[in-house]
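Peer 1: Can you join these two chains into the complex? Each is in its own frame, and there are hints to help.
One line per chain: the protein sequences are A and B, in this order.
Per our numbering, the very first residue in the first sequence carries number 1; after that it's consecutive.
Per our numbering, the very first residue in the second sequence carries number 1; after that it's consecutive.
It should be emphasised that the hints constitute simulated quantities derived from the structure, not laboratory data.
Worth double-checking, as some hints may not be accurate.
Said to hold, decoys possible - Quick list of in silico lysine-lysine cross-link-like pairs, DSS-like style, CA-CA up to 27 Å:
#1 B:K43 x A:K78
#2 B:K2 x A:K88
#3 A:K117 x A:K183
#4 B:K15 x B:K43
#5 B:K15 x A:K88
#6 B:K43 x A:K88
Here are the chains, one letter per residue:
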Amino acid sequence: MKVAVISGKGGTGKTTFAINFSKFLSKIGKKVLLADLDVEEPNGNLFFNYPLKYSESYTYIPKLIKENCAYCRECAEKCMFKALAVSKGFWMLFPELCHGCRACEYVCKFEAIAEDKRCIGKIGINEVNNPSFIEGRLNVGEVLTTSLIKDVKKKIKRIEEKYEVVVMDAPPGTSCPVIEVVKDVDKVIVVAEDSPFGFYDFTLIHDLLSELNKDYHLVINKFKDGKEIIPFCDKESINVLAKIPLEKNIAYKYSKGEFALDEYDEVFRDVYNKLIEVEN
Amino acid sequence: MKILVTALKDDVNEKMDPRFGRARYWYVYDTEKNEGYFIDNSKNMSLDHGAGIQAATSIVDEGVDVLITGSVGPKAFSVLEANNIRIFKGYADLSVKENIEGFNKDELEEIQSAGKPHI
Chain A
1 MKVAVISGKG GTGKTTFAIN FSKFLSKIGK KVLLADLDVE EPNGNLFFNY
51 PLKYSESYTY IPKLIKENCA YCRECAEKCM FKALAVSKGF WMLFPELCHG
101 CRACEYVCKF EAIAEDKRCI GKIGINEVNN PSFIEGRLNV GEVLTTSLIK
151 DVKKKIKRIE EKYEVVVMDA PPGTSCPVIE VVKDVDKVIV VAEDSPFGFY
201 DFTLIHDLLS ELNKDYHLVI NKFKDGKEII PFCDKESINV LAKIPLEKNI
251 AYKYSKGEFA LDEYDEVFRD VYNKLIEVEN
Chain B
1 MKILVTALKD DVNEKMDPRF GRARYWYVYD TEKNEGYFID NSKNMSLDHG
51 AGIQAATSIV DEGVDVLITG SVGPKAFSVL EANNIRIFKG YADLSVKENI
101 EGFNKDELEE IQSAGKPHI
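Pulled out of the complex, with its shape left as it was, chain B reads as follows (with noise of 0.2 Å):
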């Protein structure tokens, strides 16, 4: 299973970035072989619009299965829904790593609905 936790920087100790589709890294942990990996999101995160489409379908293309951020926009989480990926809220005050050790202990909760648009 791979998971994605949105990241202020490119360090599993550092917050997490509530943000979505604009987060400045993501960081992907696949749960089979134990390891992570950083994906650079400047690219998204400098677009005009559309940013959070872009993020989800960039997503779908890494195959995650579980995506631990702040909040989902309408149209992003439309992608994520329709392609399986289950959403779920981390908190901003931990890191990376506490943030998948959280889901890891079954403590976070499951995003059943999209936010609020440009959040």
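Here chain A stands alone, though its shape is the one from the complex (with noise of 0.2 Å):
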């Protein structure tokens, strides 16, 4: 079973759920894979420190077979992004630019563009452990956040066999990383903050699933008393899967890098019962 733990705002405690329900999981014998998706900022792994095995991730770039070239600029003229500079003479690609989606490459009549590659990250990776653990990590100043996220998602489905459990931890927001993130897993966790903002950015994040046609099931976290987000949910038909308390201690303990939700087993236990539930 693939989860994403996703949510519309930053700071609502998708890495808190997704850490400790991938601890408890492996508590109660589930063979789990936690993915820290959040590649502008992955910080899953401050909690498991585990020793990571890293390799680099590519993104596509064009190469200039100056030969061939006639400098006719349809390359250039077809990029969506401009990211190519073209005269008589002179060819400069502007990598940063470039979305590598090989367009120049198929417009071009005289065979003068080839393949070359650009790193834009790495991906680290656990499977001693369990839960196991992987992250993309993005280069700083890295624009192409969804390409590094589908290459980190490419070895998931390699090795994604050998557990019962895929968690994923998306980045915030309500944008492309984050669809990128719940394109193709079979259970969606919103986790929302029952706070003005939170309620609000959770009505953005309700909306882009009620888009892509996804079911969602609900974590309210740092739970006061819901009155916005509970009528919300009662009036959507929203499943809401657990309430994790608004209390100090857990941002105390979660700012010492502790499993700050060791003491909620019983709501984890609930939260996978109804999960499974559902799919069966």
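Peer 2: Next up, the structure:
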């Protein structure tokens, strides 16, 4: 079972939930892989402190075969991202603007463009422990977030058969990287924060998932009274899996890098049972 | 030699436009022929992104040797540099004509490195 943990807003407790849930599942004997797909700031392993084996992740960039080039500019004109500058006898790529779509290579009539690659980040993995762990780590200043997430997912595909549950910790927000994460998972868990901000951003992720036709389950974190979120869930018939209270002790433990929800086994057991229940 | 000055209006007596890629007009002055012409840059002006790169490429196409403007972003700078186009810092409070005169009298400072992007 592949589960994505997402949230519209940053700081709702996605990572807290994902690491503690993974830990719980391993405790009850499940073989778990936790994937940190928040590649712009992967911090899952801060809690596990596993040694990770890293490999580099690359994206496509075009390379000029000078002797074939007629400097016709077809490539530069068709580039949606204006990553190419071409003039008579002059061809220049701006790699940081290139999205690796290969349109330049496709439209070139002179076979003057070949494949090259550019490193955008790295993928770290530890398969020794349970939960096992994999993360993407985007290079600083790099914008191809979704490309790296895709690459980590490819790697997950190759090993996922070994695991009963794969928990994917997604980046915050409601844009392409999140869509890439939820695209082909079996279950989506939304972690929402019980605050006016949290509620508003939750409605954004709700709209996104409706648009994608994805069912989801809700975990309300930092629960106080649910005065906005509960009526919304009733109205939209949203399955609330759990409520995690707003407690100073949880924040304190989290800030120490500890598994802050280790006293919430019953909540996680319930979450897991409800997830499989819906599955069967 | 061809000199290009970025211009606010298509009139050499009007002020230089300190922006490069998004300047409204370009004035190209040919020192050998002792005559100049304006290029309408409004197409570049409205680009979402990549205005600097497009502008730099057009300048290379135009066969320009010297560019006089306010500042040039890093991407456009690398295109111009690779094509041996020299860049001089013009004065936005002077007219296009006065900037060319300033260049001829060696009064303008040559820009040796790229300015900040999106200015």
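Peer 1: Going back to the hint list, which numbers does this structure go against?
Peer 2: 5
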